[in-house]
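S.K.: When you get a sec, could you build the whole thing from the sequences and use the hints?
For the record, the sequence lines run as chains W and G. Read in this note's numbering, the first sequence has 197 at position 165, and its numbers run on one by one without any break. Read in this note's numbering, the second sequence has 110 at position 99, and its numbers run on one by one without any break.
FYI, nobody ran anything at the bench for these hints, they're computed from the structure. Among the clues, some could well be false.
Unchecked claim - Heads up, simulated EDC-like pairs for lysine to aspartate or glutamate below, C-alpha to C-alpha not over 16 Å straight-line:
1. LYS45(G) with ASP226(G)
2. LYS193(W) with GLU142(W)
3. LYS315(W) with ASP72(G)
4. LYS120(W) with GLU132(W)
5. LYS328(W) with ASP69(G)
6. LYS318(W) with ASP69(G)
7. LYS230(W) with ASP72(G)
8. LYS315(W) with GLU227(W)
9. LYS230(W) with ASP69(G)
10. LYS328(W) with GLU155(G)
11. LYS43(G) with ASP226(G)
12. LYS141(G) with ASP200(G)
13. LYS113(G) with ASP73(G)
14. LYS230(W) with ASP73(G)
15. LYS258(G) with ASP234(G)
16. LYS141(G) with ASP69(G)
17. LYS145(W) with GLU308(W)
18. LYS328(W) with ASP93(G)
19. LYS128(W) with GLU99(W)
20. LYS258(G) with GLU243(G)
21. LYS315(W) with ASP69(G)
22. LYS318(W) with ASP72(G)
Claimed, not checked - Here are some, though not all, of the chain G residues that point toward chain W, as calculated from beta-carbon distances under 7 Å:
23. ASN17
24. ILE18
25. VAL92
26. MET103
27. ASN126
All C-beta atoms, glycine included, are put in the ideal place defined by N, C-alpha and C.
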Amino acid sequence: MDKLRKRKNVISRIIFQTATIAGIFALSILLFSIINEAFGYVIFVNENSPADIYDSDKNLNDADEDELIAILEQNLSKGLIRRFNFEKPFAERDVKNILELVMVEVVNPEIVKAWSLTSSIFGRKKILDTLAQDYPTGNLEFRSWLTLKFLFAPQSSIPEKTGIITALSGSLLLLLIAIILAFPLGVGTAIYMEEYAKQNRLNSLIQLNIYNLAGIPSIIYGMLGLAVFVRFLEPITSGQIFTTTVNNTANGRTILSAGLTLGLLILPIIIINAQEAIRAVPKSLKFSSYGLGATKWQTIWHHIIPYSMDRILTGSILAVSRALGETAPLIVIGASTFVAQKPNSIFSKFTALPIQIYQWTARPQPEFRKVAAAAIIVLLVLLLTLNAGAVLLRNHHNQKKKG
Amino acid sequence: MEVNNNILNLKDLNVYYGDFRAVKDINLDIPKNKITALIGPSGCGKSTVLRSINRMNDLVDDTRTEGEIIFQNRNIYNPEVDAVSLRKQIGMVFQKPNPFPKSISENITWGAKINGFKGDMEQLVEESLKGAALWDEVKDKLDENALRLSGGQQQRLCIARTIAVKPEIILMDEPASALDPIATLKIEDLMKTLSKDFTIIIVTHNMQQASRISDYTAFLMTDENRSGHLVEYNETRTIFINPKNKKTEDYISGRFG
Numbered sequence: 033m034d035k036l037r038k039r040k041n042v043i044s045r046i047i048f049q050t051a052t053i054a055g056i057f058a059l060s061i062l063l064f065s066i067i068n069e070a071f072g073y074v075i076f077v078n079e080n081s082p083a084d085i086y087d088s089d090k091n092l093n094d095a096d097e098d099e100l101i102a103i104l105e106q107n108l109s110k111g112l113i114r115r116f117n118f119e120k121p122f123a124e125r126d127v128k129n130i131l132e133l134v135m136v137e138v139v140n141p142e143i144v145k146a147w148s149l150t151s152s153i154f155g156r157k158k159i160l161d162t163l164a165q166d167y168p169t170g171n172l173e174f175r176s177w178l179t180l181k182f183l184f185a186p187q188s189s190i191p192e193k194t195g196i197i198t199a200l201s202g203s204l205l206l207l208l209i210a211i212i213l214a215f216p217l218g219v220g221t222a223i224y225m226e227e228y229a230k231q232n233r234l235n236s237l238i239q240l241n242i243y244n245l246a247g248i249p250s251i252i253y254g255m256l257g258l259a260v261f262v263r264f265l266e267p268i269t270s271g272q273i274f275t276t277t278v279n280n281t282a283n284g285r286t287i288l289s290a291g292l293t294l295g296l297l298i299l300p301i302i303i304i305n306a307q308e309a310i311r312a313v314p315k316s317l318k319f320s321s322y323g324l325g326a327t328k329w330q331t332i333w334h335h336i337i338p339y340s341m342d343r344i345l346t347g348s349i350l351a352v353s354r355a356l357g358e359t360a361p362l363i364v365i366g367a368s369t370f371v372a373q374k375p376n377s378i379f380s381k382f383t384a385l386p387i388q389i390y391q392w393t394a395r396p397q398p399e400f401r402k403v404a405a406a407a408i409i410v411l412l413v414l415l416l417t418l419n420a421g422a423v424l425l426r427n428h429h430n431q432k433k434k435g
Numbered sequence: 012m013e014v015n016n017n018i019l020n021l022k023d024l025n026v027y028y029g030d031f032r033a034v035k036d037i038n039l040d041i042p043k044n045k046i047t048a049l050i051g052p053s054g055c056g057k058s059t060v061l062r063s064i065n066r067m068n069d070l071v072d073d074t075r076t077e078g079e080i081i082f083q084n085r086n087i088y089n090p091e092v093d094a095v096s097l098r099k100q101i102g103m104v105f106q107k108p109n110p111f112p113k114s115i116s117e118n119i120t121w122g123a124k125i126n127g128f129k130g131d132m133e134q135l136v137e138e139s140l141k142g143a144a145l146w147d148e149v150k151d152k153l154d155e156n157a158l159r160l161s162g163g164q165q166q167r168l169c170i171a172r173t174i175a176v177k178p179e180i181i182l183m184d185e186p187a188s189a190l191d192p193i194a195t196l197k198i199e200d201l202m203k204t205l206s207k208d209f210t211i212i213i214v215t216h217n218m219q220q221a222s223r224i225s226d227y228t229a230f231l232m233t234d235e236n237r238s239g240h241l242v243e244y245n246e247t248r249t250i251f252i253n254p255k256n257k258k259t260e261d262y263i264s265g266r267f268g
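M.R.: Next up, the structure:
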């Protein structure tokens with residue numbers, strides 16, 4: 033009898049351990065494949081090699097301003113030179129800026145082949161062979177696809193020049209709008225449902241609906257957003273009734289529409305989390321407040337909200353991180369797949385990180401997969417930051433509650 | 012008992028939770044500036060009676076109260092009586108110490124603040140803590156979180172918090188049952204002192220406690236329908252030495268309950 037019980041114990045422990053290990057294994061593979069793509073050797077070929085355009089013993093990097101301007105004038109058309117001068121006169125530009133112009137416009141390196149991290153480490157010989165045989169004029173470089181430049185560059189059709197600033201700022205603006213809509217509305221609803229609503233049939237029906245809404249597939253919210261915000265409320269969401277100067281082709285497919293849709297998407301999650309937080313406030317705390325002659329509102333404002341705020345915030349942050357990764361509703365609403373400019377108002381066309389990643393992985397050039405991997409890293413870091421923030425907040429408040 | 016000295020009159024009080032009649036036809040006259048104890052076996056409705064005096068029962072769903080409680084010449088269950096301002100006059104101390112998760116001084120000042128107190132807050136804190144015999148123990152750490160205090164100190168802080176609002180009556184729902192014997196004694200001493208300025212109504216399970224501190228004692232019991240009703244009400248000495256009712260005698264001599 034005792035032996036049997038012991039054996040059952042061992043078996044169940046092994047099963048649970050296996051499950052945990054399998055989970056960790058899957059997660060490691062995911063992270064590995066992303067990092068594997070985001071770093072590695074590349075071969076780039078220069079349109080004009082620095083040695084050809086710079087007739088000197090020195091390196092191009094050490095050339096002074098006048099020499100660099102001379103190179104530009106030699107190699108570029110007069111119209112282009114005039115345009116650069118118009119953007120910012122050469123006299124006001126520093127050496128670094130002009131050097132960059134030379135590199136981009138004249139040298140113009142283009143990546144022709146890229147390898148993953150593992151093949152860069154283990155297949156170095158093969159890479160060198162390829163370089164020697166296929167690209168005699170090419171240069172080999174170890175490249176991180178995730179660079180500071182990548183973070184702040186606008187979208188481009190050339191993989192090594194493209195960046196995620198449009199998608200990143202789109203995503204952050206979307207979240208901001210979603211939070212502004214969903215947080216006050218969600219917390220308000222939760223307070224009403226927990227503190228004011230009487231237990232009757234109507235309210236149980238509402239409660240049931242909130243639970244159901246939290247489980248509805250996000251694409252349905254996309255349809256809702258398309259019908260309501262994009263089509264029906266187009267004059268508002270496209271900004272036409274506020275100003276006549278809005279002159280874009282968004283037609284309601286704006287950041288505002290998408291942000292409101294994401295707000296609706298996370299609203300039920302925020303409500304449920306906030307309700308649970310408010311329910312966790314000890315009855316004794318409420319009673320002691322009422323016992324001192326506090327009104328309902330004073331009790332809610334001074335005791336219930338402060339006591340439950342950490343849990344409300346934790347739940348909301350987790351809801352927001354869900355919104356950050358949502359793709360389906362944005363596709364339905366009509367996120368643009370190519371936006372070269374940062375959104376400049378809530379009535380702009382937009383793209384978002386997951387949309388951008390999806391779009392890059394769908395491109396035929398293999399280099400864009402590397403770019404996508406770099407963008408995934410950015411998205412994951414954002415998500416982890418949000419979740420870590422939630423955990424820190426919870427710990428901080430837990431300590432405060434214990435005194 | 013002289014009628015003019017009563018601060019509170021319960022007349023035919025009935026309390027229902029849904030269909031269940033928890034308390035049946037209670038008639039009680041509570042004398043001013045005395046300690047009145049409600050005793051009785053578990054579930055006899057003594058806490059329900061206590062909570063109906065400052066309308067705490069309103070906060071429980073599905074509660075219905077019939078009968079009258081006369082305080083300052085009006086029935087507190089009249090529709091025009093505001094339960095919130097009533098609770099400023101009839102304060103309450105609970106079984107489990109429940110200070111706010113704030114600093115000691117904030118615990119005292121909060122009730123005064125929401126009631127529009129405009130005077131000197133520091134003085135109020137000192138006065139109230141002295142009134143609750145806690146001042147000497149906490150005067151150096153008024154900004155510390157109240158939850159760091161011991162259970163007995165927390166309960167005295169709750170009493171201090173209640174007297175800071177300056178009520179007429181203080182209701183105490185088994186205030187010492189979660190405390191150790193020494194802390195209990197301190198609370199009991201405190202109640203004696205407080206009864207000079209306040210009327211105290213206390214629910215207690217502990218018959219020795221009732222006999223030690225109270226001036227009047229009401230004994231409640233459940234009937235065959237589990238509804239609580241008043242068996243006997245008199246001066247504490249009479250109840251404990253010479254009870255009129257056989258059931259009271261059985262209960263206080265420990266034969267049941």
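S.K.: If you check each hint against the structure, which ones fail?
M.R.: 10, 13, 16, 17, 23, 24 and 25
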